[in-house]
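Place chain B on chain A using the hints.
As you go down the protein sequences, you meet chains A and B in turn.
For the first sequence, numbering that gives the first Met the number 0 begins at 0 and goes up steadily by one.
For the second sequence, numbering that gives the first Met the number 0 begins at 0 and goes up steadily by one.
If you're looking for bench data, these hints aren't it; they were derived computationally from the structure.
Backbone N, C-alpha and C fix where the C-beta goes; we use that ideal spot for every residue, glycine too.
It is possible that some hints are incorrect.
[Said to hold, decoys possible] Pairwise CB distance ranges, derived in the manner of DEER restraints:
#: 1; chain 1: B; residue 1: Gly58; chain 2: A; residue 2: Pro82; range: 17 to 23 Å
#: 2; chain 1: A; residue 1: Ile201; chain 2: B; residue 2: Asp108; range: 50 to 56 Å
#: 3; chain 1: B; residue 1: Asp108; chain 2: A; residue 2: Ser161; range: 47 to 53 Å
#: 4; chain 1: B; residue 1: Ile85; chain 2: A; residue 2: Lys200; range: 19 to 25 Å
#: 5; chain 1: B; residue 1: Ser70; chain 2: A; residue 2: Ser161; range: 41 to 47 Å
#: 6; chain 1: A; residue 1: Asp1; chain 2: B; residue 2: Asn47; range: 49 to 55 Å
#: 7; chain 1: B; residue 1: Thr18; chain 2: A; residue 2: Gly114; range: 51 to 57 Å
#: 8; chain 1: B; residue 1: Gly83; chain 2: A; residue 2: Gly88; range: 29 to 35 Å
#: 9; chain 1: B; residue 1: Gly58; chain 2: A; residue 2: Glu46; range: 21 to 27 Å
[What the hints assert, rightly or not] Chain B stretches covered by chain A per the calculated footprint, using a threshold of three residues with CB under 8 Å from any CB of chain A:
#: 10; stretch: 44-51
#: 11; stretch: 55-69
#: 12; stretch: 87-97
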Amino acid sequence: MDVKSKQQISSYIIASQEEEIKRIALDLHEGVGQNLYSILTGLQVVESGTKEPEMKNYLHEMTLLIEKTIQEIRLLSVELHPPALTTLGLLPAMKSYCKLYTSTFGILVDFKSTGEEKPIPERNRIAVFRVCQEAFMNIAKYADTSNVKINFVWKEDELTISIRDYGKGFQPEDFEQHSLGLEAMKERMLLTGGRCTISSKIGEGTQIKLSLPLMGD
Amino acid sequence: MTELRELPGVMEVCDNLKTTAGCEFVGLAIQNETGPDVRWHYATGNLNDKYKRITVRFGKGIAGKIISSGSTMMITDFPHQINGKITDYPIMLAEKLVSSYAVPLFFHDVPKGVLLVGKREPYVFSEEVQQKVNDSALILEQLLKEHI
Chain A
0 MDVKSKQQIS
10 SYIIASQEEE
20 IKRIALDLHE
30 GVGQNLYSIL
40 TGLQVVESGT
50 KEPEMKNYLH
60 EMTLLIEKTI
70 QEIRLLSVEL
80 HPPALTTLGL
90 LPAMKSYCKL
100 YTSTFGILVD
110 FKSTGEEKPI
120 PERNRIAVFR
130 VCQEAFMNIA
140 KYADTSNVKI
150 NFVWKEDELT
160 ISIRDYGKGF
170 QPEDFEQHSL
180 GLEAMKERML
190 LTGGRCTISS
200 KIGEGTQIKL
210 SLPLMGD
Chain B
0 MTELRELPGV
10 MEVCDNLKTT
20 AGCEFVGLAI
30 QNETGPDVRW
40 HYATGNLNDK
50 YKRITVRFGK
60 GIAGKIISSG
70 STMMITDFPH
80 QINGKITDYP
90 IMLAEKLVSS
100 YAVPLFFHDV
110 PKGVLLVGKR
120 EPYVFSEEVQ
130 QKVNDSALIL
140 EQLLKEHI
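If we strip away everything but chain A, and leave its shape as in the complex, we get:
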């Protein structure tokens, strides 16, 4: 089997998985989430009509529990497939992800974008988003840092993204520890026709550079 066929198969498998992830995310948000919201509204009506303090307190605790569950379902759904990625585009989806990332790991994200955002086919949007997500997860797991910088540069024919942390970094020989994830990031960018380069220095942090061609799709 030649390289092109292998790449086509990889693209097909990834696209199928993303389709399934998107379906589950939508079902959680529109199905389970909406039902829970109806239950919440019903409980609030019952609570407001209840005079007995003990029962009122109990109902209030139940509404809080459902609120927490709705919030978790929403977060799960967004984690699986951010709706902004389909409806609003890569930049809004990444901005929203960075907010969630800070509130999850306490790591501050300095987000910059220069140039005008250009339309990207959904398949490539998802690929870039997933690669950025993987990079951010690696930072939370290994980098031991409180700050990350992400910089989008939009040119006429290319988008470049740089993700920089100022954490502990790693040596090439430690590469093996992270290699599968890092190789997957490179491969995924290659499938979009783009590139992913990773550089790291002990004590100085890690930089990941992504580039995506914007013409010819």
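Only chain B this time, still in chain A's reference frame:
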């Protein structure tokens, strides 16, 4: 919500627990007055201020699981033998903790807070240490009950 760390006694209980339990980190997470969010209000022995920005996910990680289940949790050698992904345990990652023991704080019989002690090495928390954490949790419940 009143800054809980400013309430008399809260810092003292946590600081004392860190010393008497021989731990490197103690954290106190409480559910916000309005809405379902839970966040870390006070920590001692912290390496950075990430804990202040972390919002605990319901049912996820240590604090989230404790608040959703109302039971205690011990981790002896993170990230080995954990349920779920490493990234489901943000406070362990943020504070580079390797072991922890955490208990729920109950208000009106509902778990709404977590008291967590941790070390940056593999460790099994003895029954004696567990009892110290449980006792501190009871004191904190009394100190905080007017404010939750």
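Results for each hint:
no. : hint                             : verdict
1   : B:Gly58 to A:Pro82: 17 to 23 Å   : holds, 22 Å
2   : A:Ile201 to B:Asp108: 50 to 56 Å : holds, 51 Å
3   : B:Asp108 to A:Ser161: 47 to 53 Å : holds, 51 Å
4   : B:Ile85 to A:Lys200: 19 to 25 Å  : holds, 24 Å
5   : B:Ser70 to A:Ser161: 41 to 47 Å  : holds, 44 Å
6   : A:Asp1 to B:Asn47: 49 to 55 Å    : holds, 50 Å
7   : B:Thr18 to A:Gly114: 51 to 57 Å  : holds, 55 Å
8   : B:Gly83 to A:Gly88: 29 to 35 Å   : holds, 31 Å
9   : B:Gly58 to A:Glu46: 21 to 27 Å   : holds, 23 Å
10  : 44-51                            : holds (count 5)
11  : 55-69                            : holds (count 5)
12  : 87-97                            : holds (count 4)
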